[in-house]
Amino acid sequence: MDEAQAVLDSIEGTVGEIAVDNPKMSMRDVDVFYAEKQAIFGVDLDVANNEVIAMIGPSGCGKSTFLRCLNRMNDTIPICRVSGSVMLDGDDIYAADQDPVLLRARVGMVFQKPNPFPKSIFDNVAYGARIHGLAANRAELDDIVVGSLKRAGLYEEVKSRLDAPGTSLSGGQQQRLCIARSIAVSPEVILMDEPCSALDPIATARIEELIDELRENYAIAIVTHSMQQAARVSQRTAYFHLGKLVEVGDTNEIFTNPQHELTENYITGRFG
Amino acid sequence: MADKLHLDQHISQKFNDELEDIRSRALQMGGMVEKQVSGGLQALLEGNSELGNKVAKLDHEVNSLEVEIDEACTQVLARRQPAASDLRLIVTVIKVITDLERIGDEAEKLGRFAVDLASSRELPAYRKELRHLGELVQTMLHDALDCFARMDYEAALKVAARDDDVNAEYETLSRLLITHVMEDPRQVKNVFNITWCARALERIGDHSVNICEYVVFLVKGKDIRHTNLVDINQSLKP
Numbered sequence: 001m002d003e004a005q006a007v008l009d010s011i012e013g014t015v016g017e018i019a020v021d022n023p024k025m026s027m028r029d030v031d032v033f034y035a036e037k038q039a040i041f042g043v044d045l046d047v048a049n050n051e052v053i054a055m056i057g058p059s060g061c062g063k064s065t066f067l068r069c070l071n072r073m074n075d076t077i078p079i080c081r082v083s084g085s086v087m088l089d090g091d092d093i094y095a096a097d098q099d100p101v102l103l104r105a106r107v108g109m110v111f112q113k114p115n116p117f118p119k120s121i122f123d124n125v126a127y128g129a130r131i132h133g134l135a136a137n138r139a140e141l142d143d144i145v146v147g148s149l150k151r152a153g154l155y156e157e158v159k160s161r162l163d164a165p166g167t168s169l170s171g172g173q174q175q176r177l178c179i180a181r182s183i184a185v186s187p188e189v190i191l192m193d194e195p196c197s198a199l200d201p202i203a204t205a206r207i208e209e210l211i212d213e214l215r216e217n218y219a220i221a222i223v224t225h226s227m228q229q230a231a232r233v234s235q236r237t238a239y240f241h242l243g244k245l246v247e248v249g250d251t252n253e254i255f256t257n258p259q260h261e262l263t264e265n266y267i268t269g270r271f272g
Numbered sequence: 001m002a003d004k005l006h007l008d009q010h011i012s013q014k015f016n017d018e019l020e021d022i023r024s025r026a027l028q029m030g031g032m033v034e035k036q037v038s039g040g041l042q043a044l045l046e047g048n049s050e051l052g053n054k055v056a057k058l059d060h061e062v063n064s065l066e067v068e069i070d071e072a073c074t075q076v077l078a079r080r081q082p083a084a085s086d087l088r089l090i091v092t093v094i095k096v097i098t099d100l101e102r103i104g105d106e107a108e109k110l111g112r113f114a115v116d117l118a119s120s121r122e123l124p125a126y127r128k129e130l131r132h133l134g135e136l137v138q139t140m141l142h143d144a145l146d147c148f149a150r151m152d153y154e155a156a157l158k159v160a161a162r163d164d165d166v167n168a169e170y171e172t173l174s175r176l177l178i179t180h181v182m183e184d185p186r187q188v189k190n191v192f193n194i195t196w197c198a199r200a201l202e203r204i205g206d207h208s209v210n211i212c213e214y215v216v217f218l219v220k221g222k223d224i225r226h227t228n229l230v231d232i233n234q235s236l237k238p
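Note that the protein sequences, when read in sequence, are chains A and B.
At position 22 of the first sequence the residue is numbered 22 (this note's numbering), and the sequence of numbers has no breaks.
At position 108 of the second sequence the residue is numbered 108 (this note's numbering), and the sequence of numbers has no breaks.
Any given hint could be a false lead.
What the hints assert, rightly or not - Simulated pairs of lysine to aspartate or glutamate, EDC-like, Cα-Cα distance not exceeding 16 Å:
id : chain 1 : residue 1 : chain 2 : residue 2
1  : B       : K95       : B       : E68
2  : B       : K222      : A       : D89
3  : B       : K4        : A       : E261
If you're looking for bench data, these hints aren't it; they were derived computationally from the structure.
For reference, chain B alone in the conformation it holds in the complex (with noise of 0.2 Å):
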């Protein structure tokens, strides 16, 4: 494990345990959901109803694991009083299990939806898009929770700029979906349930740019929310 925080260099053993205890369990999440968002596509792909339905329901195990996370949060927070990198670490995981929760969400919307369109005859025309699209989020989803494993707020930053083709990728789609409807109204409900998907994982990509910005925060200090590229560059040079 790339500790760039020293997370185990506190006085106190407890306090050591504490902080790792928050992290890896935040990692756990983050494999949970991942695993959430790729059953979700997958389903979606296969028109697998028995996995959409598998995946949707996954999201209670999230959910737990969120409140669970954020108990242990409080706990340090009112004990411990943490400051420094160790603030910057809670107050990221926070944030970082928020993310993920809502990204779980998505994935369950995804599942849902996979129910819903197994027997559409209209996704096919799509599926190419969509695993597309999926697979640029998924990848990205990964490297993000890789970001915040390491610590390794560079890698974070080329993460999130992947963004743009995810939401290039997202127009494209739309489109489509848009010149279809046009052309085929009766098509509105399966086309329109397509869109959601695709807004889905558009989302979840949002999503994991908001984790690469929290893993800038937690090994520079710097928030870098709101703010464009350039001058993200400018303000974390040496």
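This is chain A alone, in the form it adopts within the complex (with noise of 0.2 Å):
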């Protein structure tokens, strides 16, 4: 515990460019705590529209707990608190006037096991369109939900049984019904918390492709135990370490010549 404490004590500031230009999310000074415990300390971190940010390290980091904070999925658990400012476009997404069930509408989110809804595959995607109003009638219904499974790239695969059952399909295909549903609702940043763990290497791929696809039109942030996979597909990698942001930067920078020792020794799998 104390060496611990020595380390956390010996990360000070965050190493490298924390700021972009045009931050589509903007996270100041976040402190999370569950009950006593600090989970983060002071991260500083900017989303930039069009990117894929990585979010790296090791088990317990924190890299969950400050992803679930940039949608107010920690308003679920009743012992966590979170302070600092986590701005989207300028607005702080902590402000008593913001509703999250419309916030996390603009800012989805794609878990680690997917979760499709007991329902028809059709009604997955149709599900968040329908309870935001977004369609005034059947016909625009249709669009949305094929136009959704277009972009996760699972339309050709469903489109003769869209009444089949979420359920019923593949893992890695049911990770991209809740990546069409997540999109369904035209939302502005995604979060995903390591999507890819549950699928083998082709599914894998399949949404590793998509994610480069839905870069054009999102900003996304992505968890992954894979560094392979944050080198694959992020512009920016964020290493944390004991709650703190030790390092933030361009990814190839950081996988072949990152600053800090304690990011070197995470992904060339040294000891800490």
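Since each chain comes alone in its own frame, lean on the hints to assemble the complex.
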């Protein structure tokens, strides 16, 4: 425990440029507590438009916790307390007048395990559009569902069985269904928490290809345990350690010449 | 062993061993090539055609070691997907052994020309210059490999700067040889052979510079090829 504390104390600020020119989201001095225990320490970070930013770090480093701050997913945990500022297009998402449901339509999320609703493929994708009243009639709803399935690269595989249960699909297809569901409500940011960790390499490659295509229209933040995945899909990489943001920078630079010893140790599999 | 990159601190002991094996085989290849160069130079200066032949034949061993190390590097890339300093080490070794192999080729040339020139009457006139050029280059190669072994980028920059002396020496010798040919055109073949030897030595100097540049990349992660020394020192400032 003392050793971890010593490492924690040794991390002073973040190496690299935390700010970007056109931030979609801008986090400053974010602290997160689970009851008395502090999980995130003063993290500053921007997420840019049309960018994939990868968040990496050992288990328990706070990367998922931090990701979940970006659409107030931590609100669902009673003992969790977030301080600091999290801005989306310059608006504080933790302000009293912010509706978390509307916020989560703007900042969508894809989870580690595909979690389709126990409904048909069609209804899974239509769900968000229905509750947010995005379609005026059935034809518009069809357009949204088909368009989202197409953008998620799933339409061709399921077009003949849109009434089949979402749970009847393979793992990789289910994950793409969840991505289709999240983009059906026209989000601006997509958060992904280890979206491929339950998938085989082929399904993973499909999702990664999709992430790259989605980048044209969205800002994407992805938490991953796979360093190779971070290297493949992201333009910037952020390395978390014991709840602090140790280093952030251009992915090319992080994977060839990281500046912080902790980053180097982690990505090369050395003893910390 | 000064290990600035902590190559032996991976969680996987086997990975430590693989990287250390690659590094030490690259150094072993460096040692072989150094020996080849000094043998080639000695054969040339002493007119020892037996040694010249021996040096020329040594090239096969150097070549097969290059292939072996290349294979080991490919395996690490495929199986370990190295990153950061590990990746830089593998890339550096792949490049270093390419230059070493070419130095080996130049040494082989020295060996072959030593055989041709063993009975030449022109060579003794240039022995002093060739020896001087050869010694400069030999030391440069030795020091470049030493920098690689010790991962000392600051020393590598100093070694690389010595190439100017090698080039100046080569220019001087070239001018002498041109004058000689103009005075006595019948000797053109022998003079040409001596020129080729000088050229081979000069090239070994260039390859040694490359090795020094790779050492800077290995340690600092900066590619300093095709950059002048002032810019390099500027970019390496902390």
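message = With the threshold set at 16 Å, check whether the alpha-carbon distance from K95/B to E68/B stays at or below it.
response = holds, 14 Å
task = Take a quick look at whether K222/B and D89/A sit within 16 Å of each other, Cα to Cα.
result = violated, 37 Å
query = Is the Cα-Cα distance between K4/B and E261/A 16 Å or less?
reply = Satisfied, since the Cα-Cα distance of roughly 12 Å is no more than 16 Å.
When each numbered hint is compared with the structure, a violation occurs for hint 2 only.
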